[in-house]
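Spelled out from the first residue to the last, the chains are:
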Amino acid sequence: MKIVVAVKQVPERDAVVRVAADGRGLDERDVTWTMNEPDAYALEEALQLKERAGEAEVVVLCAGPERVQSTLREALAKGADRAVHVVTPESGAGSLGERDSLDVARLLAEAVKAEAADLVLTGLQSDDLGAGQTGVVMAELLGVPHATLVLQVELLGNGIKVKRELEDGWMQQVEMPLPALLTVQSGGNRLRYATLMGIKRARQKEMREVSAAAAAKRVDEVVKVSPPTRVKRTEMLTGSADEIAATLVERLRFEVKVL
Amino acid sequence: MSNGVLVVLETKGAGWHRMSFEALAAGQKLAADMGGACSAAVLGEAAAIAPLAAELATKRLATVWMVGDALLAQYTADGWIAALAQLIAEVKPKYVVLPHTYQVRDFAPALATRMGEVLIGDVTAIQVAVAADGPVFVRQWMQGKLNAEYRHGGDGGVCFVSVQAGSFRGDAVESGASEVKTFAPTLEAAKIRTKPGEAFREAAQTVDLSSAPVIVSVGRGIGEQENLKLVEALATALGAEIAASRPICDAGWLPMERQVGSSGQTVAPKLYLAVGISGAIQHLVGMKGAKTVIAINKDADAPIFEVADIGVVGDLFEVVPALTKAIEGAARG
Numbered sequence: 001m002k003i004v005v006a007v008k009q010v011p012e013r014d015a016v017v018r019v020a021a022d023g024r025g026l027d028e029r030d031v032t033w034t035m036n037e038p039d040a041y042a043l044e045e046a047l048q049l050k051e052r053a054g055e056a057e058v059v060v061l062c063a064g065p066e067r068v069q070s071t072l073r074e075a076l077a078k079g080a081d082r083a084v085h086v087v088t089p090e091s092g093a094g095s096l097g098e099r100d101s102l103d104v105a106r107l108l109a110e111a112v113k114a115e116a117a118d119l120v121l122t123g124l125q126s127d128d129l130g131a132g133q134t135g136v137v138m139a140e141l142l143g144v145p146h147a148t149l150v151l152q153v154e155l156l157g158n159g160i161k162v163k164r165e166l167e168d169g170w171m172q173q174v175e176m177p178l179p180a181l182l183t184v185q186s187g188g189n190r191l192r193y194a195t196l197m198g199i200k201r202a203r204q205k206e207m208r209e210v211s212a213a214a215a216a217k218r219v220d221e222v223v224k225v226s227p228p229t230r231v232k233r234t235e236m237l238t239g240s241a242d243e244i245a246a247t248l249v250e251r252l253r254f255e256v257k258v259l
Numbered sequence: 001m002s003n004g005v006l007v008v009l010e011t012k013g014a015g016w017h018r019m020s021f022e023a024l025a026a027g028q029k030l031a032a033d034m035g036g037a038c039s040a041a042v043l044g045e046a047a048a049i050a051p052l053a054a055e056l057a058t059k060r061l062a063t064v065w066m067v068g069d070a071l072l073a074q075y076t077a078d079g080w081i082a083a084l085a086q087l088i089a090e091v092k093p094k095y096v097v098l099p100h101t102y103q104v105r106d107f108a109p110a111l112a113t114r115m116g117e118v119l120i121g122d123v124t125a126i127q128v129a130v131a132a133d134g135p136v137f138v139r140q141w142m143q144g145k146l147n148a149e150y151r152h153g154g155d156g157g158v159c160f161v162s163v164q165a166g167s168f169r170g171d172a173v174e175s176g177a178s179e180v181k182t183f184a185p186t187l188e189a190a191k192i193r194t195k196p197g198e199a200f201r202e203a204a205q206t207v208d209l210s211s212a213p214v215i216v217s218v219g220r221g222i223g224e225q226e227n228l229k230l231v232e233a234l235a236t237a238l239g240a241e242i243a244a245s246r247p248i249c250d251a252g253w254l255p256m257e258r259q260v261g262s263s264g265q266t267v268a269p270k271l272y273l274a275v276g277i278s279g280a281i282q283h284l285v286g287m288k289g290a291k292t293v294i295a296i297n298k299d300a301d302a303p304i305f306e307v308a309d310i311g312v313v314g315d316l317f318e319v320v321p322a323l324t325k326a327i328e329g330a331a332r333g
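Chains S and W, in that order, give the protein sequences.
Be aware that the first sequence starts at 1, since it is given in the working numbering, and climbs by one per residue.
Be aware that the second sequence starts at 1, since it is given in the working numbering, and climbs by one per residue.
Bound-form chain W, shown alone (with noise of 0.2 angstroms):
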């Protein structure tokens, strides 16, 4: 399978995670790019996974692997790595394209050091100029303030590669028919260490922040506890919800169910006005589906002006209180 693609799809219940079909997306265009086919696995219980497989039928793609087995029911890294090791064998695909979901990063670094390979995680975008030439995979660092471009460095091995959420469409995933196989992985259960629990949430969610109109959200930038009350006076003028990014709530300052990002809350506002948010990739992924998002930051280099609307590089102690101010003047008049 020289050039081939293999996505390894994630599920969530008895349907997908959001990001598998965006993994599913970017690995059609690399397949297609790189002149190699694209087939796509999903791991888990064989009638559990089942219906997902059919489904995968009618997407573009050479086979779907369907690796079905009763020690694969709940997700365990041991159990996953294994599996994956034995297909991946068996596929000998060039790339292996993951969505970077919690689950990806607790299981791929292992399976690609299981190969000797790395895992270029967390990839924003794939290059490929000339097939010949390989494609690069651009990732961030520093917190989102520089790109890097990475290219596999070849010896024939596998490309392992994670994709991050929001940055390929899931809706472009191309139609087609396919052939489903089963895969039948050799698992001992004496070699899955761990014992997972239930998925739980501490406390029933009071505060759901997906249907919000209006966000005012407060990052590191506030400094101390006690000046949040700037930010408060301005959520309260313009009728919006108070939301953070995980240093805020890691602090106490305010609960973790305010929290926007990748650990928290997804949200989709009218209007986000982001204070003293630096916009490191976990808090973007929680935003980027708003509307309109105006940032307040000192530093002029931080990422959340990529993905502002309106920026103001300055002091948030100055301006927060005079729009406050204005929003109230305004309202009045």
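Looking at chain S on its own, in the form it has when it is part of the complex (with noise of 0.2 angstroms):
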């Protein structure tokens, strides 16, 4: 069994965000980057599909510049066997933020493609840009079935069963043959870390590099990147600890009356 686990780069959670000069961008010139959050959900489950399975491969694919080559030597450190990397350039024509999410899902399929995969990966959604359509995208490109919001996944005689996400609390299973692509949300599974041993082992593992095809025209637009603006006026309490304190207990009393 082949699983294929589609990886984002994104900034730190903690990142300081500022628009980048052309005002259509993010500044991404103080930028810390890390595995996007869903995504390190969908290894995790693809290695436990693994280790279940007792035999299987896990490719983990990334697109984007050099950097990112940071993120799949992790992923290859928790365990994936082999890294392919999608090279854009780093920004111009090309580079991922030129591209619409159509476009970068197609790079991604057309390397999924290539590796024949029963199964492909990716998290529900990034934590920078937030489209959530990446992976269902794909599966259209792939013409295979899909689910997403997926917490665990059963491997089936010939195909999967999938627990999935509803709102409001509400879960659902779904069975499908493979090939298939699932996107994971996030919490099915407690992260593991990278060992020492396995940061060592990575450093052996293929790291396969393939170009990216050009940028196809894009079908939406990013006319203006801006900080939003407040729709609340938020009164921002300043001092020590202990004065914040009794101001935030005035408040509860007099106004939010609730002590």
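I should point out that these hints are in silico values taken from the structure, not numbers from a laboratory.
Any given hint might turn out to be false.
[Stated by the list, open to error] Listed next, the in silico DSSO-like pairs over lysine-lysine satisfying Cα-Cα at most 27 angstroms (straight line): (1) W:Lys-29 <-> W:Lys-94; (2) W:Lys-191 <-> S:Lys-2; (3) W:Lys-288 <-> S:Lys-257; (4) S:Lys-232 <-> W:Lys-291; (5) S:Lys-163 <-> W:Lys-195; (6) W:Lys-195 <-> S:Lys-2; (7) W:Lys-181 <-> W:Lys-29; (8) W:Lys-191 <-> S:Lys-113; (9) S:Lys-217 <-> W:Lys-92; (10) W:Lys-12 <-> S:Lys-163; (11) S:Lys-161 <-> W:Lys-195; (12) W:Lys-94 <-> S:Lys-217; (13) W:Lys-12 <-> S:Lys-161; (14) S:Lys-232 <-> W:Lys-270.
[Claimed, not checked] Stretches of chain W that chain S covers, calculated by requiring three or more beta carbons in the stretch to come under 8 angstroms of a beta carbon on chain S: (15) 164–174; (16) 186–196; (17) 270–279; (18) 316–327.
All figures in this text were calculated on a predicted structure; none of them were measured in a lab.
Positions of the beta carbon are idealized from the N, C-alpha and C atoms, including for glycine.
With the hints as a guide, dock the two chains, each given alone in a separate frame, to form the complex.
See below:
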């Protein structure tokens, strides 16, 4: 069984967010990068499936510039068997920022086709752009069935049964044949850390670079990026912890009336 | 149907998903701004959706499309994509507006792909300055820290848009009279590849946060499970229910049933005190109904401050114990 896990490298959660000089993107200069968290859960599910199945190959896939190799190495250190890096320019024509979600999914889908995977896993959405589309679009491009918001995967004879999340705490089981694509919701598993041995082994594992196809014409266009304007007037309290606490107690008593 | 808008509504049980009318309001507004007509579609087994279509006939719409088929009795992505692709080919709208629900996230990106398009998803606002320039769709980047404005590239294609929960008011839907038309899609059972089971809940829910008057909610900023006791002490002092954002429940530090947000409970307390919660949109949709929001977070740019009435940019490990002590003192005094 071959499982491909598509991951994205995103700015760290606490990253200082600034608008790029052209006002149409994110200023990436001082950003530190990490593996998109839902994708880390997709990787974890793949590794656990491999452990349960006994025999499987886990291939981790990422599109982006040189820097994404650190995220691919991290996945290898956690236990993925090999990595495929779809290389795009850092900026300008052909870079990820210049492509729409359809085009990025196309890059990934082409790489998946070359692997002829039985199962493709990815996170349900990215923590940066939050479109939540790449996986579903890839499934359509690959012509395979899919399920989203998946928490657990069970291998059946010739297919899979997944537990997926519905809204308001409801769940659902869905069965489908393989090959298939699943977008994984966080929280289904506990994430593992890379061990020292894993990090050492990762250096010996294959990291194959493939060049990205030229960018297609965008369907949508980002015309402006800006910090949000406040809709609500927020009163910001300052001072020592004790002063803030005293002010809050006053408000809780006389305005909110919960004390 | 130049500049026409087609709103795809979602059902839940025998009625509507709560976000359906928000999408309908967004669609009516977009149609009015663009000088087009607004229509709506409802999918399902014909007999089940007939009363819903009749309800839509009392809204200000050009046409209500009743898309009925036995294979649409239960949601599948394959069924929905096939039926909607056929309906869109027939109706030829310029814009397709959907509520950004879990179900829409499951099929709409693939539907757009099938038509060579891209879904502009989870939109918080639609702005039309000049109709000839077309609409600008606002969506959030970086967990709400940035707003990005999108335009559809044109080329005459269909523009797919899904609207975020709470961004449009369902009670703004305009009444009127419209004609109900049935649309019979050609569906094949063999082409529906997934076999969905019934919805179920893991365990009976024992905590009902929706009726709690005071909630103290904790997020990633708490750092370690060990530190939860600080927040628990504050909740006890306030007589509050304790709740959390998703990462805390994912880590198993609090049970899933205490999660507030799109995948957890929706709450509307008198006071929502958010401790170390950045305010990702999935969380905000669950607590926007709170009367007063107080947020304590070390990051001044955290989106939680966008919805907070009172904000404290500071170290929760100092502020929370001080607040607990002050509340206990006030209760005694």
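Of the numbered hints stated previously, which ones are contradicted by the structure, given in increasing order? 15
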